[in-house]
Structure formats: structure tokens, C-alpha cells
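Using the sequences and the hints, build the whole thing.
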Amino acid sequence: MLTIILRSIIIYLIVLLVFRLMGKRQLGQMQPFELVLTLIIADLATIPMAEVSVPVLHGIIPLLTLVVLHFVLTLLTKTSTFLSKVVSGKPVIIINPKGIDYKAMKNLNLSTDDLFGALRECGYFSIDQVQYAIMETNGKVSIMPKAESAPATNGDLKLKVDESFLPITLVSEGKIMNENMALAGVDKEKIEKIVKSQGGSKIKDVLLLTIDKTGSSYIQLMKGEGKSFSLSEVKA
Amino acid sequence: MKIFHYLNFAIIILFLIAICILEEVMVSSSLRQTQKDCFMIDASVERLESVKNMEVALMVDNLEYDWKKNESNMCYLVNHKSIQEIGQEIAKLKLYIASDDVDNFKVSIEVIKFYCHSYLHFMGANIHNVL
Numbered sequence: 008m009l010t011i012i013l014r015s016i017i018i019y020l021i022v023l024l025v026f027r028l029m030g031k032r033q034l035g036q037m038q039p040f041e042l043v044l045t046l047i048i049a050d051l052a053t054i055p056m057a058e059v060s061v062p063v064l065h066g067i068i069p070l071l072t073l074v075v076l077h078f079v080l081t082l083l084t085k086t087s088t089f090l091s092k093v094v095s096g097k098p099v100i101i102i103n104p105k106g107i108d109y110k111a112m113k114n115l116n117l118s119t120d121d122l123f124g125a126l127r128e129c130g131y132f133s134i135d136q137v138q139y140a141i142m143e144t145n146g147k148v149s150i151m152p153k154a155e156s157a158p159a160t161n162g163d164l165k166l167k168v169d170e171s172f173l174p175i176t177l178v179s180e181g182k183i184m185n186e187n188m189a190l191a192g193v194d195k196e197k198i199e200k201i202v203k204s205q206g207g208s209k210i211k212d213v214l215l216l217t218i219d220k221t222g223s224s225y226i227q228l229m230k231g232e233g234k235s236f237s238l239s240e241v242k243a
Numbered sequence: 003m004k005i006f007h008y009l010n011f012a013i014i015i016l017f018l019i020a021i022c023i024l025e026e027v028m029v030s031s032s033l034r035q036t037q038k039d040c041f042m043i044d045a046s047v048e049r050l051e052s053v054k055n056m057e058v059a060l061m062v063d064n065l066e067y068d069w070k071k072n073e074s075n076m077c078y079l080v081n082h083k084s085i086q087e088i089g090q091e092i093a094k095l096k097l098y099i100a101s102d103d104v105d106n107f108k109v110s111i112e113v114i115k116f117y118c119h120s121y122l123h124f125m126g127a128n129i130h131n132v133l
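Chains as they are written, first to last, in the working numbering: chain A, 8 to 243; chain B, 3 to 133.
Take every hint as true, because none was put in to throw you off.
DSSO-like cross-link-like pairs, simulated, lysine-lysine; straight-line CA separation at most 27 Å:
1) 92(A) to 4(B)
2) 211(A) to 197(A)
3) 85(A) to 4(B)
4) 167(A) to 220(A)
5) 147(A) to 110(A)
6) 38(B) to 54(B)
Okay, the calculated beta carbon distance ranges per label pair:
7) 26(B) to 13(A): 25 to 35 Å
8) 5(B) to 100(A): 38 to 48 Å
9) 19(B) to 199(A): 54 to 64 Å
10) 5(B) to 190(A): 20 to 30 Å
11) 64(A) to 102(B): 34 to 44 Å
12) 19(B) to 17(A): 17 to 27 Å
13) 82(B) to 127(A): 48 to 58 Å
14) 13(A) to 86(B): 16 to 26 Å
Calculated from the structure, these hints are not laboratory results.
Predicted model only: the values in this text are computed from it and were never measured.
Note that beta-carbon positions come from the ideal geometry of N, C-alpha and C, so glycine has one too.
Here is the structure:
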């Protein structure tokens with residue numbers, strides 16, 4: 008049993024390394040060859056885990072070979088458009104201004120139910136609202152709505168709004184994010200002051216504290232509701 | 003960062019090459035050593051026409067020692083079940099020495115030689131194994 012436990016730990020670490028080397032794509036974002044690779048990796052990893060007579064190397068070697076293969080294939084698809092089309096396919100327009108492209112749908116093995124499901128997922132419940140629908144190489148459907156159905160943007164309404172900035176997390180679950188303090192230009196003392204000004208007694212009481220470039224902040228204590236405030240409200 | 007990424011893959015490729023060479027060298031040398039020991043035992047048995055003697059017993063001990071040493075190293079690279087028959091046949095040889103069973107002794111030696119030959123073929127990278 009100890010052997011199986013140790014083997015499982017080794018294989019787990021190797022699979023972790025393999026996925027880290029392969030990148031951070033999620034299941035829905037995978038290209039077809041990446042999905043196949045993931046399924047094979049899952050299967051390969053289980054063999055040496057359970058079968059003690061099989062050397063761990065018999066699991067590790069194919070895993071590493073697949074990683075190298077994936078790396079080479081990714082490199083090739085990046086450099087060659089033709090190869091990229093062969094391996095990953097190309098986006099296909101399934102709805103155009105004339106309506107549904109039935110031939111394209113048949114080629115993709117897509118039913119009208121699948122199509123309507125994909126449209127609904129994108130927030131469009133009628134085909135009248137859609138100008139173009141494109142089946143991407145990862146299986147997702149991208150929609151370009153008709154002008155009258157497209158949501159109005161600030162630009163359309165000619166509204167002048169301030170640029171928004173990415174909030175930086177300073178405290179998460181009672182822990183200070185040290186690497187973010189320099190980005191936000193604050194120190195530990197300043198964070199303690201912010202926490203006290205917002206009703207907390209110490210940093211450990213804070214569930215989440217974020218700040219953005221404009222000084223707009225958000226805090227939620229472990230026991231309490233979240234609230235937005237401006238950094239300028241905090242006394243120096 | 004990109005260099006680090008390429009470096010990772012270079013290390014993996016080198017590791018894979020090293021493992022392939024190590025397997026080829028270790029497995030073939032171990033099996034050839036066992037085959038060689040068997041041929042020597044075979045020759046001695048032919049000459050002495052008996053297996054219950056010190057010379058054959060020492061040779062079998064030597065074969066067993068070499069095999070155990072090689073087997074433990076090979077287990078890192080080869081499925082243990084694929085090579086355990088050789089160990090079993092070597093254990094039988096000792097029983098045949100005790101009962102001076104020349105015929106069965108010869109059969110076991112032939113079986114070991116056959117397994118070694120088969121594994122040498124089975125473990126190498128050739129078109130039959132790949133396909």
C-alpha cells in the first residue's frame with residue numbers, strides 16, 4: 008500500500024508538471040488536439056499508480072513524450088497557418104445576414120437545437136437578433152448581434168466616463184498580499200489604518216481588501232457586509 | 003521566461019534520450035550476461051554429464067547472483083512480470099542439482115536462454131515492436 012501511495016504522489020507531481028508546462032487553458036478553451044492529449048494523460052497516469060509491477064517510468068516517459076509532442080505541435084501551428092488549420096481547424100460562419108448556413112452546420116455535425124442553445128448561452132434568444140455566428144476552433148460560438156440588438160455602449164451614447172483600473176488585492180482571507188503592496192504603493196501600516204477606519208480591529212478580520220489606481224477601494228470583513236470606499240476617506 | 007520554457011523542454015528531451023540509451027544498454031547487457039552464463043553451464047553439463055557437482059552448483063550460484071543484481075536494476079525500466087520467469091527457472095535449477103535431474107536441468111537452461119532471447123527481441127526498438 009505504501010508503494011501505491013508513493014507512486015500516486017510521484018505521478019501526481021509529474022501530471023502537475025505536465026499541465027503546468029502545457030499552459031493554463033481550461034477545458035472549454037482547448038483545441039481538439041489538446042483535449043485528446045488531456046484524455047490520454049489521464050489514462051496514462053492511472054496505469055503505474057495501481058499496477059505495482061509496472062515501473063513508474065512507464066507512466067512518466069509517455070507523459071513527457073506527449074508534453075514534448077504538444078510543445079512541438081504548438082510551435083509548428085504558431086509558425087504555419089496551413090498546419091494550424093490542419094490541426095485545429097478554422098472558424099466557420101454558421102449564421103450570416105442571409106440566415107443559417109445549413110451546409111456549414113451539416114459539416115460541423117451541428118443541429119439547430121445545438122445552435123439555439125449556443126445562441127441562448129450568449130444571451131440571444133431569437134435568431135433575428137444575430138448578424139453573424141461563428142463556430143470557433145475550440146467549439147465555442149461567437150455572436151455578432153444585429154445593430155438594433157447590440158447593447159448600447161458608452162461610446163454609442165456619447166457618455167464620457169472615467170477609465171476603470173484593475174483592482175489590486177491587498178488582503179485576502181486575513182493575509183496580506185506582500186507582492187501587491189508595492190504595486191498599490193501602500194505599506195502594512197497603511198493597510199492597518201484602512202482596516203481600522205472601516206471598522207476592523209486587525210488585518211486577520213478582513214476577508215477581502217482591494218484598491219485600484221484611482222484610490223477606489225472595497226473591503227469586506229469576515230463578519231460583515233462588503234462596502235466600497237475611497238482611500239481619501241482614510242485619515243493619514 | 004521564454005528561454006526558461008525552451009530550457010524545460012530541452013531538459014525533458016535530454017532526459018528521454020538518456021532513459022532510452024540507459025534502457026538499451028542496461029537491459030541488453032543484463033540479458034546477454036545471463037545468456038552467456040547459461041551457455042557456460044550448458045557446456046559444463048555436457049562435459050560432466052551430471053549436474054550434482056560443485057562446478058555446476060557454483061555456476062548456478064553465479065548465474066543467480068548476476069540475475070538478482072541485474073533484475074533489481076531492470077525493474078526500474080521493465081515490467082517486473084515480464085522478467086520474473088527467468089528468476090523462477092533459476093530457482094528450479096537448484097532443485098534439479100539436488101536431485102541430479104540432468105534432463106529437466108537442461109530444459110530449464112533452454113527456457114532461460116529462450117526467455118533471454120525473446121526479451122532481447124521484445125525490448126529493443128524495432129518496427130515489429132513499434133507496430
